[in-house]
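Participant: Assembling the complex is the task here: the two chains are given apart, and the hints tell you how they should meet.
If you read the sequences in order, they're chains A and B. Each residue of the first sequence is one higher than the one before, counting from 1103 in the numbering used here. Each residue of the second sequence is one higher than the one before, counting from 30 in the numbering used here.
For the record, the hints were derived by calculation from the structure and aren't laboratory data. None of the values given here were measured: they were computed from a predicted structure. Mixed in with the good hints there might be a few duds.
Where chain B lies over chain A, by a calculated footprint (3+ residues, C-beta under 8 Å) [said to hold, decoys possible]:
1. 1156-1164
2. 1168-1177
3. 1180-1190
4. 1198-1209
5. 1212-1225
Straight-line Cα separation of at most 20 Å, SDA-like style, residue types lysine to any residue; simulated pairs [to be verified]:
6. B:Lys58 with A:Ser1216
7. B:Lys58 with B:Asn168
8. B:Lys58 with A:Pro1262
Built from N, CA and C at the ideal position, the CB exists for glycine as well.
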Amino acid sequence: MAEPVIHAESLVRADPDAGEHDVLSVDGLSFDVARGESLGLLGPGGTGKSATIKMIGAVSGRTGGRLSVLGLDPDDFGPEVRSRLGLVPQHDSLDPGISVHQNLFVYARYFGLSTRECTRKTDELLALLGLSADARTRVERLPLAARRRLLVARGLVNDPRILLLDEPTTQLDTRSRLALWDRFAALREGGTTIVLATPRADEAQQLCDRVVLLDTGRVLAAGTPDELIRRHAGREALELQFGLGQNRQAGRQLYGIGDRLEVLPDRVLVYADNGERTLAAVVDRGLEPVNTLVRRTNLADVFLRLAGRMLEE
Amino acid sequence: MISRDASATPADDDSLDALRAEARRWARKPRRRGFWYATEDMLRANRTYGSALLIAAFAQPILYLLGLVLGLATLIPQRIEDAGASVSYVTFVAPALLVTAALAVAAEEFASPVLAGFTQRQSFSVLATSPLSPGQIANGLILAAIIRMTVVTVAFYAIVWAIGAVPAPATGWIGIPAAVVGALTLGFPLMGFASSLTEDDGRFALVQRVVFIPLVFFSGTFYPLSALPGWLTWVGWLSPVWHASELARVASYGEGEDRLATLVHIVFIALFAVIGYVLARRAFLRRLDDA
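Same shape as in the complex, but just chain B (with noise of 0.2 Å):
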């Protein structure tokens, strides 16, 4: 091996053990905090158009809110009885609605911005030459999402404390993370597909026209289940966004509902959000492998 004129190479240490050790430090903090600077890539580049979007999924269901209250609230006088308890109308749609704020930010988040990072944008390959592990690029976008989600859901909820549309405060609260994890439901399997996408022929208009929006209305948001004919109710019981409003409701009301319904909530959504996580985690780490 032909070695240059030995003043050119420097004069510390160059033994391999010098140079593992060297390397070693240098990777602590990626190891420790490198999903953290994925997640503060995504927020940051997200953040022009990103604040459009906080607008649009914080107002979608303010607005819904809003015309439910002065319009719809006043054809409907009658009580609504659902998850064992007797609520108003604007008191029963609320805690659905704080689910439905949840999802419309991770039907955007989970979509455009990941195919961004994997096409136009490249992040995701710039990520993966940087000392991130590709597990670690996949949390850092989830946390991004996820942490989207809350500000959109905490002021949405502030928002219905502060019209007197929560019977129990004490509990109430706990509708924010269950429309978290139960939106993440949904968010994982979009992100496992955008994972396979190379551009956006409109498919994601198509997921949200034909599987988000027909699914807030057959969850149960507007009207309860028993509402529906008995045939589509099992749309209801399949579907996350059903049990996590349900579970919204039981935090919100802070009465009725008996104990297992609330735990198979919880087991359910929990559970579609953890295998949805392991199935997006793994379409968007073999997309990175290609990348």
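If we strip away everything but chain A, and leave its shape as in the complex, we get (with noise of 0.2 Å):
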């Protein structure tokens, strides 16, 4: 096999706030991105995922531990390893007060384009993400999702290598994500790497080939989607709500049905290899929950499993 784009060994960032305690952001972090894969760093916020992109992306140094990106140690190798990298940022930094074309054109201009070139581009891109018909639009006045989309086309200008998406479609409506998430698998199918740090479960599922899972800077498991969520989380889930105040005393008396349980404060997990017949076993015990549903299990519940808490709180 080629060797990895992206080499992460043992890898440390210390908290730049956390001053005297050495609290780390990151703590040991070790993976390894394939040319042309799609990795995924799935957590809840303050897990360290930013900080593990900034660092890929030669943006902040690490602390310590080895990081090869594109065979070059983005602590020496800053302006080379940018060069060929794209990063869509978690907080939107787009320059308000100019137009959306000239957000792109300045952009592109740092990557050493001529100009004829930077237009070239820019105008590519805008189509590429629905934007031509806002280019000169100021960007103060496009509503959120135009502008993450914006972001997105930022991070393409030069045609990079690896992108990083930091949490790419937080705060946006489920059809802005989708078309979104539409974006990013035409680009992995056109053999872009990407990285992609997200605290959904279901954007690293859908966009990812490759999921690590995140809590508080250190690797709770890796694998792909499939392989986590049989390894850790079995077939089916049953949700089951008691109504509020009634799922803890409701999940006493579940004890021994299913797989696992996960008592929760709105509701009871029941993992097991077949829902229905576990709610019939439910039902047999004489409980009556307000509402039920059988579903797939999903990442969310491998992290769950694994962390102890929930993905999204």
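Facilitator: Right under this line is the structure:
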């Protein structure tokens, strides 16, 4: 197999805000990303996803460990690494005072493209992300979803070998999110290597070949979404709602049913191979849930199992 | 590791060596000219408000000059003894106003645009994700300010020269770099200060009123330093504005003052500028790292 385009080994990043206390926002992270692969970093906020993205993107240095991006150490070859990477940041960092077109054009200039190339690339990307009609609009007048698309377009001005996406669909409505997923899927099909940091299980599952589950800067588990789900979550989940304040009590009475139980404040999750049959067993025990739902397990269940808390809180 | 369907990977050479070589090729231009991209960005971004700013920076000393020539100078018929020469009041005041013009640009350029780059425009954190190095971003910002200062001082100098207030045009132009470097000695600390702020809560205006304007007055701009009481002249000696003004004057008069005094002016403003640059750059890079 070809060498990985990203190789991280025991990556450590001290939290710059922590001051004297040795808090690590990334604590011993190791993973490889093959060319053309799409890797997800899945975890709730504050688990070191952004810090990892910034280290890969040669935007911030690392405190320890080894890191190679495109065969180069980002700490020593920042300009080289950044010139072949696209970074879509979590926070909107567009210049609100200039137009959509200018935002792209200006950024393209930084890569040493000629004025003509910048214009061509800008027009091409605006068309690709459905922003051509807004080309002359000032960014401050642009709706949120269009701004997000513009951020993605900006990350593509240099035809990057690796695209780093840091929570690219946060705050978006479902429709806009799905539209962006389509774009990412197309890029992935086109062979772009993608690293996606996200707190959304569905996003990681949808877009990633492999997922690294993160909690407090450490790896909980890694593998393909299917592998992770099969290994840690079982086949189906039965969601039971007994009404607020009743779930804990009901959870105690469900003991022994299914493979595993998770009692949450608003519902009880029973993991089992066959959800319907499990539901029948619940009813047989004389329990009367207000709401029931049988579904396939997903990466959120895996996270709940391994971290002992919900992915999105 | 799971790799997707082989047909999806591009057909070109995908060895790490090839990717590394490609990255080196792409980074070559930004490594060489990156500071200029940052300069371009600062000049472009500040174009709209920047032209107003340039006019203001330019108009202020012109209006001063006009006021002084038409008003004050008629009240001061005697010649001014300064920097080892005896000159008319207008000739005396013009080189110092050249420094003031550069200073007015520095007071603007190293304040709001720096803060805005970190906050509202976020241009610095965006630049940090580009191939540019943090040092190039700092240098680009400084170069943009130098360009603006040069434009204003050249224009101002041309007017002073046209009204015949430069006795020695052969050396008079040296006042332009003296003014620019002199302005940088105050611009750099301001840049460091602006890099430490998260919002402009009126502190730039405070710096302008309490530091810059009084400094201009106490630096022998409108009257020779010797006119001040002895205990106040030290402000002038320590002020890079005074040293820059004196240097511009010597260049404009083309005579007087011993070489040693001129050398002291040059060393003083150069030293201030270099130390200021190092500290301002450090503060800027630290802020950029946090962004």
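Participant: All hints, please: hold or fail.
Facilitator: Cross-check of the supplied hints:
1. 1156-1164: Coverage by chain B holds for the segment 1156-1164 of chain A (3 residues, Cβ < 8 Å).
2. 1168-1177: holds (count 3)
3. 1180-1190: Per the Cβ count (8), the hint holds.
4. 1198-1209: holds (count 5)
5. 1212-1225: Our answer is that it holds, as 3 residues pass the Cβ test (under 8 Å) against chain B, meeting three.
6. B:Lys58 with A:Ser1216: This hinted pair holds, its Cα atoms lying about 11 Å apart.
7. B:Lys58 with B:Asn168: With a Cα-Cα distance of about 16 Å, the restraint between Lys58 (chain B) and Asn168 (chain B) holds, given a limit of 20 Å.
8. B:Lys58 with A:Pro1262: 16 Å, holds
Figure legend: structure checked against the earlier numbered hints; every hint is met.
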